[in-house]
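Engineer: Chain by chain, the residues:
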Amino acid sequence: MKTFKILLALLFVAVGFTAQAQDDAISKYFNKYLDDDRFTVVYISPKMFQLFDKMDLNLDDEEAEAIMSVVKDMRSLRILVSEETPKQFFDEAKKAFNTNSYEVLMTVRDKGGDNVEFFIKDDGGTVINELLLLVGGEDEFVLMSFVGNIDLNNISKLTEAFEGDGDDANDD
Amino acid sequence: MRFPLFLSALFLLLLPLTAGAQTKSINQFYRKYKHSEEVFNITVPGWLIKLGAGIAKSQAETPEERAAFQMVKKFKKLKFMVMEDHNLVTPRDYNRLISGVQSESFEELLSVRSDGARINFYIRDKQETIKNMLILVHEADSFIMVSAKTKLKLEEIADLVNQALDGDLDNEEIVPVIKPQA
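Residue numbers (the numbering used here), protein chains in the order written: chain A, 1112 to 1283; chain B, 436 to 617.
Keep in mind that the hints were calculated from the coordinates and are not lab data.
Values in this document were obtained by computation on a predicted structure and should not be read as measured data.
Note that the Cβ used here is the ideal one computed from N, Cα and C, for glycine as well.
Some hints could be false.
As the list claims (entries may be wrong) - Below, simulated DSS-like cross-link-like pairs (lysine-lysine); rule was C-alpha separation at most 25 angstroms, straight line: (1) K586/B / K1165/A; (2) K588/B / K1165/A; (3) K1143/A / K459/B; (4) K1165/A / K509/B; (5) K584/B / K514/B; (6) K492/B / K1158/A; (7) K1158/A / K1139/A; (8) K561/B / K1183/A; (9) K1165/A / K1205/A; (10) K1183/A / K588/B; (11) K467/B / K588/B; (12) K508/B / K467/B; (13) K1158/A / K485/B; (14) K1165/A / K459/B; (15) K508/B / K1165/A; (16) K1165/A / K584/B; (17) K469/B / K561/B; (18) K1158/A / K512/B; (19) K1183/A / K1143/A; (20) K1158/A / K561/B; (21) K1139/A / K1165/A; (22) K1183/A / K1205/A; (23) K1183/A / K1268/A; (24) K459/B / K492/B; (25) K1158/A / K586/B; (26) K467/B / K1158/A; (27) K586/B / K1183/A; (28) K1198/A / K1165/A; (29) K1222/A / K1198/A; (30) K1158/A / K511/B; (31) K1158/A / K469/B; (32) K588/B / K512/B.
As the list claims (entries may be wrong) - Listing some non-contacts, in silico: residues in chain B with all C-beta distances to chain A over 12 angstroms: (33) H470; (34) E472; (35) F475; (36) T478; (37) G481; (38) G487; (39) Q494; (40) S546.
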């Protein structure tokens, strides 16, 4: 019985480490190039998003309100940009994130040779835990990672708000 | 036995208070570089900020300006350090400053690194009030440090943002024009 308990405890610890390792895939990749001069690096911390969340902003603008509804649930934003060997970085990143923990949401390839891939990490509901955007072309490699509880309903509201704005502009 | 227990309790009670006032790493860094000839540095005391902001507020024309100067009054102390032609700060000292403030409960808000330039923004807050702010701009040939002691409440910042947004909405006729590329 004692052996069983120890095994059970070990199992929990192992599961914990695996979950941690999955969560840290993006952190590991980001940290790898954090001090690399070939990259432009932007990091907005969870603290910044917490501050946004705590501030009670009265936004009358539909577009701004939709942006805030997405921003409020976000926990961090990481951006990596490089103009050197973009194709190589794109392939490397794709390999790093095309795992069980991420799912490909959308792939776009244009005539100019630019590849855009969206990856998501979710629990199966309408809430995404992470949205990862990879862009690889002739000139530039871009990686953007949004971590948080990104509600697809809010994203659709955001799209609607922008579309509404576009319609208004067309009406003018 | 009671006395040490009482002392320990007192120490534990005082610890958060002292932690709120400490910016040892910033002070050490500031002291190390402020006497160099190529360094411009200034410390603005709270009473001077209050006086300046008070005068500016009385001259302000719009409610947003008044709110902004009211917020400036919440700055208790400001330290500026600027190196314009040579960045004397070694990477070791820079990293030591960053790890030092992090160990003093400063939290990173954002960081940017591009073409050898680094921007770091840290705050230390307590009960929805920003107590300290630190902005660092570290480039190959220049360096800027802005360190502030404040008592800025998040709701006050939100009020200012709301007022600024209201002002923008009042001026809706000002629409940015994007020129088509040739």
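Engineer: Take the hints in turn and mark each one as holding or not.
Structural biologist: Status of each hint after checking the structure:
Proposed proximity of K586/B and K1165/A is supported: the alpha carbons are some 16 angstroms apart, at most 25 angstroms. Only pairs whose Cα atoms come within 25 angstroms are accepted, and K588/B paired with K1165/A is accepted, the gap being roughly 11 angstroms. In summary, the hint linking K1143/A to K459/B is not supported, as the alpha carbons are separated by about 31 angstroms, beyond the 25 angstroms threshold. Pair hint K1165/A plus K509/B holds up; C-alpha atoms about 19 angstroms apart against a cutoff of 25 angstroms.
Taken as a hint, the K584/B and K514/B pair is honoured in the structure, with Cα atoms around 9 angstroms apart against an allowance of 25 angstroms. With a CA separation close to 31 angstroms, the supplied pair K492/B and K1158/A exceeds the 25 angstroms bound. Of the supplied pair hints, the one linking K1158/A and K1139/A holds, its CA atoms being roughly 20 angstroms apart against a limit of 25 angstroms. Straight-line distance between C-alpha atoms of K561/B and K1183/A comes to about 20 angstroms, which keeps the hinted pair within the 25 angstroms bound.
Taken as a hint, the K1165/A and K1205/A pair is broken in the structure, with Cα atoms around 36 angstroms apart against an allowance of 25 angstroms. Among the hinted pairs, K1183/A with K588/B is consistent with the structure: their alpha-carbon atoms are about 19 angstroms apart, no more than 25 angstroms. Taking the CA atoms of K467/B and K588/B, the gap is near 32 angstroms; set against the 25 angstroms cutoff, the hint is violated. For the hint linking K508/B to K467/B, the alpha-carbon distance of about 29 angstroms lies beyond 25 angstroms, and the restraint is violated.
The suggested pairing of K1158/A with K485/B is violated, with an alpha-carbon distance near 28 angstroms, which exceeds 25 angstroms. A C-alpha spacing of about 29 angstroms is found between K1165/A and K459/B, which places the hinted pair above 25 angstroms, so the restraint is violated. For the suggested pair K508/B and K1165/A, the alpha carbons sit about 22 angstroms apart, so the restraint of at most 25 angstroms is met. About 21 angstroms separates the Cα atoms of K1165/A and K584/B, which keeps this hinted pair within 25 angstroms; it holds.
Annotation: proposed proximity of K469/B to K561/B is violated, straight-line Cα distance about 29 angstroms (limit 25 angstroms). Of the pairs offered as hints, the one joining K1158/A and K512/B holds, with about 23 angstroms between alpha carbons and a cut-off of 25 angstroms not exceeded. Pair hint K1183/A plus K1143/A does not hold up; C-alpha atoms about 28 angstroms apart against a cutoff of 25 angstroms. A distance of roughly 13 angstroms separates the Cα atoms of K1158/A and K561/B; the hinted pair therefore holds under the 25 angstroms criterion.
Note on K1139/A and K1165/A: the hinted pairing is violated, with a Cα-Cα distance of about 29 angstroms set against a maximum of 25 angstroms. A distance of roughly 28 angstroms separates the Cα atoms of K1183/A and K1205/A; the hinted pair therefore is violated under the 25 angstroms criterion. A hinted pair counts as satisfied when its Cα atoms are at most 25 angstroms apart, and K1183/A with K1268/A qualifies at roughly 14 angstroms. Among the hinted pairs, K459/B with K492/B is inconsistent with the structure: their alpha-carbon atoms are about 33 angstroms apart, more than 25 angstroms.
About 18 angstroms separates the Cα atoms of K1158/A and K586/B, which keeps this hinted pair within 25 angstroms; it holds. A C-alpha spacing of about 30 angstroms is found between K467/B and K1158/A, which places the hinted pair above 25 angstroms, so the restraint is violated. A threshold of 25 angstroms between alpha carbons decides the hint, and for K586/B with K1183/A the separation of about 24 angstroms falls inside it, so the pair holds. Annotation: proposed proximity of K1198/A to K1165/A is violated, straight-line Cα distance about 41 angstroms (limit 25 angstroms).
Taken as a hint, the K1222/A and K1198/A pair is honoured in the structure, with Cα atoms around 15 angstroms apart against an allowance of 25 angstroms. Distance restraint check for K1158/A and K511/B: the Cα-Cα separation of roughly 23 angstroms lies within the 25 angstroms cut-off, and the hinted pair is therefore satisfied. Distance restraint check for K1158/A and K469/B: the Cα-Cα separation of roughly 31 angstroms exceeds the 25 angstroms cut-off, and the hinted pair is therefore not satisfied. At roughly 16 angstroms between alpha-carbon atoms, K588/B and K512/B fall within 25 angstroms of each other, so this suggested pair holds.
Annotated as non-interface, H470/B keeps its C-beta farther than 12 angstroms from every C-beta of chain A; the closest such distance is 30 angstroms. Every Cβ of chain A is farther than 12 angstroms from the Cβ of E472/B; the closest lies at roughly 30 angstroms, confirming the non-interface assignment. Remark: the non-interface label on F475/B is consistent with the geometry, its nearest Cβ contact in chain A lying 28 angstroms away (cut-off 12 angstroms). With 12 angstroms as the threshold on Cβ separation, the claim that T478/B sits away from chain A holds: the shortest Cβ distance comes to roughly 26 angstroms.
No beta-carbon of chain A comes within 12 angstroms of the beta-carbon of G481/B; the shortest separation is about 23 angstroms. At roughly 26 angstroms from the closest C-beta of chain A, the C-beta of G487/B stays outside 12 angstroms, upholding its exclusion from the interface. A cut-off of 12 angstroms between C-beta atoms confirms that Q494/B is not in contact with chain A; the least separation is 27 angstroms. Here S546/B does not stay apart from chain A, with its beta-carbon only about 5 angstroms from theirs, under the 12 angstroms limit.
The structure is inconsistent with the numbered hints 3, 6, 9, 11, 12, 13, 14, 17, 19, 21, 22, 24, 26, 28, 31, 40, although it conforms to all the rest.
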